[in-house]
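Undergrad: Line by line, the protein sequences give chains A and B.
Just so we're aligned: 491 in our numbering is position 440 of the first sequence, and the numbers increase by one with no gaps anywhere.
Just so we're aligned: 370 in our numbering is position 319 of the second sequence, and the numbers increase by one with no gaps anywhere.
The set of hints was computed from the structure by calculation and includes no laboratory data.
All of these numbers come straight from a predicted model, not from anything done at the bench.
From the three backbone atoms N, C-alpha and C, an ideal C-beta is built for every residue, glycine too.
Among the clues, some could well be false.
[As the list claims (entries may be wrong)] Cross-link-like lysine-lysine pairs, in silico, BS3-like; alpha carbons within 30 Å at most: (1) 73/A <-> 307/B; (2) 104/B <-> 519/A; (3) 410/B <-> 417/A; (4) 363/B <-> 410/B; (5) 410/A <-> 104/B; (6) 307/B <-> 118/B; (7) 363/A <-> 73/B; (8) 73/A <-> 132/B; (9) 363/A <-> 132/B; (10) 73/B <-> 132/A; (11) 249/A <-> 307/B; (12) 132/B <-> 519/A; (13) 361/A <-> 118/B; (14) 417/A <-> 121/A.
[Claimed, not checked] Computed footprint of chain A on chain B, listed as stretches where at least three residues anywhere in the stretch have a Cβ under 8 Å from a Cβ of chain A: (15) 188 to 194; (16) 301 to 314.
2 protein chains.
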Amino acid sequence: MSERIEIYDVTLRDGAQGPRIKFSSDDQLRIVAELDAFGVSYVEGGQPGSNPKAAELFARARDLDLKHAKMAAFGSTRHSKSAVEDDANIAALLEAETEVVTIFAKSSPTQVANVLRIDLDQNLTIIEESVAYLTAQGRRVFLDAEHFFDGYGEDSGYALAALEAAWRAGAEVLVLCDTNGGWVPWQIAEVTRAVRGKLPDAPLGIHVHNDSGCAVANTLSAVSAGATHVQGTINGYGERTGNANLSSVIPNLQLKMGLPVVEPEQLARLTHLSHLVAELANMTPRDSDPFVGRDAFTHKGGMHADAVKKLKTSYEHIVPELVGNRTHISVSEMSGRSSLLQKAAEFGMALDRDAPETKQVLQRVKELENEGYEFEGADASLELLLLKARGQHRSFFTLHGFRVSVERRDADSSTLAEATVKLELPNGDRMHTAAEGNGPVDALNNALRKALETTYPELCAVHLEDYKVRILDAQAATRAKTRVLIESSDGDDSWDTVGVSENIITASYIALLDSIEYKLLRTRGYED
Amino acid sequence: MSERIEIYDVTLRDGAQGPRIKFSSDDQLRIVAELDAFGVSYVEGGQPGSNPKAAELFARARDLDLKHAKMAAFGSTRHSKSAVEDDANIAALLEAETEVVTIFAKSSPTQVANVLRIDLDQNLTIIEESVAYLTAQGRRVFLDAEHFFDGYGEDSGYALAALEAAWRAGAEVLVLCDTNGGWVPWQIAEVTRAVRGKLPDAPLGIHVHNDSGCAVANTLSAVSAGATHVQGTINGYGERTGNANLSSVIPNLQLKMGLPVVEPEQLARLTHLSHLVAELANMTPRDSDPFVGRDAFTHKGGMHADAVKKLKTSYEHIVPELVGNRTHISVSEMSGRSSLLQKAAEFGMALDRDAPETKQVLQRVKELENEGYEFEGADASLELLLLKARGQHRSFFTLHGFRVSVERRDADSSTLAEATVKLELPNGDRMHTAAEGNGPVDALNNALRKALETTYPELCAVHLEDYKVRILDAQAATRAKTRVLIESSDGDDSWDTVGVSENIITASYIALLDSIEYKLLRTRGYED
């Protein structure tokens with residue numbers, strides 16, 4: 052097990068088949084470059100025979116100066132009715148001009164009989180011919196044995212025969228696929244070990260889906276049983292429940308199993324890589340994701356935070372910085388002075404444990420939390436609070452009022468939302484603006500921006516990334532308090548702010564205001 | 052391995068510690084009842100010694116008529132400086148009056164030395180005394196051995212001694228915890244097997260966190276090595292990366308490992324249970340979740356969908372209906388006919404499988420779901436839809452418009468919310484009312500009531516019990532769609548309705564309207 056494990060990324064093929072995931076051609080190129088920098092061995096670009104975008108990617112990727120990764124084109128073995136040299140898919144694979152070609156083949160008798168609807172022997176011939184032909188054209192050929200574990204369970208002899216056909220014909224890696232994703236770790240290990248015994252010289256790969264919720268563990272188990280080639284996607288994107296999540300698999304291989312995969316400085320890019328791919332896929336990053344999630348090393352105040360302070364390893368299985376993540380102490384009701392100090396340090400502020408300002412901020416946080424605020428997900432609002440307590444703050448405008456109205460003329464007509472804002476700028480100018488929106492908060496946001504963007508043009512780059520509403524004490528029903536959480540971004544950076552009020556519009560206004568102030572304090576500082 | 056596996060649910064304790072998760076007292080009771088119906092053996096209600104809400108839950112849960120589940124209170128062993136009979140936490144555990152008490156204890160020498168800061172022997176004495184005392188008070192005591200796997204790796208003798216101390220003192224189950232969540236399956240299996248060998252008579256439990264992304268597999272591995280008691284949370288909610296996800300663990304145990312856990316008809320409630328808990332936790336259900344996710348059995352058109360048509364098992368590892376889920380062929384296809392028929396039967400309506408009205412309702416449900424509706428938590432809205440399709444509906448008023456405004460005069464003044472409503476009653480009377488409220492929705496609700504209560508006095512008894520807001524497609528920020536869920540009650544009965552719109556006010560109006568119509572249809576029928 053001391054061999055280097057090679058990572059074969061399928062984010063751009065399997066990952067892109069995930070529901071609601073779409074990468075533009077530019078996104079694809081950027082991901083290829085990032086995966087290369089991160090240190091994966093192979094990047095599967097797609098299936099050129101069935102997807103013209105994949106063919107375009109291969110053409111454009113040829114101009115990339117990849118340091119480490121090789122591009123791989125993906126496609127099926129020849130069609131049962133074509134000669135291999137006339138097969139359109141095989142031709143498309145060759146036209147991709149990649150060093151590596153991965154072809155998928157059936158290894159389960161049921162699949163061959165019911166889906167391909169050909170003889171079992173014919174399938175073996177097709178595999179052998181396809182691999183041999185591609186090898187003869189100078190390609191390194193990897194074989195994805197689809198439904199391998201199902202096939203092995205059905206008829207281990209036939210499943211092995213499919214692998215042997217490819218191996219005889221010159222395939223370089225034999226990839227065992229759990230296409231249905233239904234297997235559990237000890238079964239995966241057992242079968243991998245058995246194949247290892249039958250084909251002792253063939254490098255084995257593993258490609259699993261997450262339908263039983265065990266894809267990461269199944270991948271690790273296959274490696275522990277002798278696989279040296281690992282396929283998966285960043286963040287586990289993929290059809291149905293997704294593929295093996297490389298953002299978990301890679302740190303487990305390297306940090307838990309002690310197997311060399313990438314360089315330590317590359318591993319430290321993992322959190323960045325995961326978030327970037329999420330961003331490009333237009334998927335919200337899952338905060339609870341292992342290793343790379345925003346909450347992966349978050350400790351609520353109180354007992355756990357205390358224990359973490361006493362002994363770092365109390366609730367952290369690895370040093371978060373190894374994967375580019377970090378410890379967060381969330382400031383919440385339970386939290387005391389020490390978590391606030393730690394948080395201030397995160398913001399780069401040295402807060403004195405016994406200073407009056409510390410006491411004052413703690414008092415203020417406690418008051419706000421009693422009102423329903425929670426700073427757990429709103430670092431920017433907390434930082435503003437700290438800055439204000441230290442006097443490092445200034446007013447960018449004075450509100451003289453706002454008004455939001457929502458109107459519907461009759462049962463069937465659409466609803467109109469309009470907002471007006473009246474405010475005074477530091478130079479004495481009074482702005483009075485009006486705007487429409489898709490809802491009251493959108494209208495208010497638009498009117499505020501209209502009033503401020505001429506004076507503070509940097510706000511033009513700011514947009515709202517995420518908007519969350521939580522009703523507190525929901526049982527008070529429409530009289531309950533509302534907490535609004537807003538995530539803003541200026542393209543380079545993102546920040547979270549919070550507002551609480553019985554009135555959802557006021558709560559949204561408070562969070563919008565914090566977002567604007569936070570941005571302006573960062574670009575302009577607190578002194579004029 | 053033919054023993055029945057007992058499920059110990061910690062959603063209300065560990066789950067509720069997850070970032071941004073909060074359950075109201077009513078939510079907690081509803082979850083207890085649902086877990087009971089689903090067939091879990093134990094429901095951990097919380098830590099009464101540190102959380103007054105948990106104490107309240109135990110008091111209220113005593114009135115529930117649980118068929119299967121036992122309530123368990125959770126807390127620590129006695130403090131090192133208190134006598135066990137004077138310990139405040141132990142007293143709180145007894146006051147919870149649960150049949151089962153679960154106490155957590157340290158089993159890792161490093162933890163004892165650095166976090167508890169007491170002697171190793173003293174820790175063993177504390178465990179033994181605490182268990183013995185609670186047992187003497189007539190409690191069934193389960194021991195959660197915190198950091199057990201870390202402790203076992205450090206000093207297996209000491210980790211075992213901690214278990215033995217509890218076992219000697221009468222603990223009924225010894226639960227091995229991977230508190231840091233950093234272990235991988237074969238290690239978990241190996242340690243569990245070793246403990247099994249040392250303590251052959253003690254029932255062993257498993258409680259793991261998901262920090263390595265292997266919590267489900269780790270749980271299954273422990274069971275394969277002899278554990279018979281399984282802890283976890285619905286949807287894997289919990290601190291950091293969460294706990295073992297019971298929504299994956301349970302079907303794996305039952306369908307993959309062939310171990311009896313719950314009855315088949317209970318297992319078929321799994322998807323519903325998962326979505327209900329997500330809804331109450333105000334968390335977006337993860338579409339890619341194994342077994343219960345909306346995409347778990349979704350096949351995009353083309354090759355896969357074709358293969359699925361030819362051979363159901365091509366891309367489905369289990370029959371989705373076994374867990375209450377189903378196959379989706381296109382990206383978003385809604386409720387199958389059979390679940391709609393089932394639901395109609397629940398409402399006491401006999402719906403003909405092939406009647407045009409059935410087709411029509413299915414079509415309408417599909418359209419609404421594409422718009423972002425979800426009827427999972429809104430039975431009353433679904434029933435209204437069915438009634439309308441059968442013509443069993445009438446109009447109680449015609450809306451001629453509404454208007455809601457929110458106004459703030461300056462930065463410090465309070466915000467005023469006012470609504471006006473214009474509508475026509477069946478007798479031709481036109482009502483035009485105005486009302487204030489604590490927020491725009493409250494004002495709208497008040498104005499609607501004012502217009503209707505003279506004609507329909509039964510509405511006076513109706514009040515809103517709960518109000519939930521979910522932003523769909525949150526990345527569209529304030530332009531995103533909003534789903535509002537309202538629970539209404541008339542004192543005797545309660546019902547849930549839903550509304551979706553880009554505008555939160557409109558979404559709320561739709562849900563309010565359904566609530567009012569539902570009540571009036573029930574009191575007055577659909578014929579005048």
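Undergrad: Are the hints correct? Go through all of them and say.
TA: How the hints compare with the structure:
no.	hint	verdict
1	73/A <-> 307/B	33 Å, violated
2	104/B <-> 519/A	25 Å, holds
3	410/B <-> 417/A	55 Å, violated
4	363/B <-> 410/B	25 Å, holds
5	410/A <-> 104/B	28 Å, holds
6	307/B <-> 118/B	27 Å, holds
7	363/A <-> 73/B	27 Å, holds
8	73/A <-> 132/B	60 Å, violated
9	363/A <-> 132/B	25 Å, holds
10	73/B <-> 132/A	60 Å, violated
11	249/A <-> 307/B	27 Å, holds
12	132/B <-> 519/A	45 Å, violated
13	361/A <-> 118/B	44 Å, violated
14	417/A <-> 121/A	55 Å, violated
15	188 to 194	violated (count 0)
16	301 to 314	holds (count 3)
The structure is inconsistent with the numbered hints 1, 3, 8, 10, 12, 13, 14, 15, although it conforms to all the rest.
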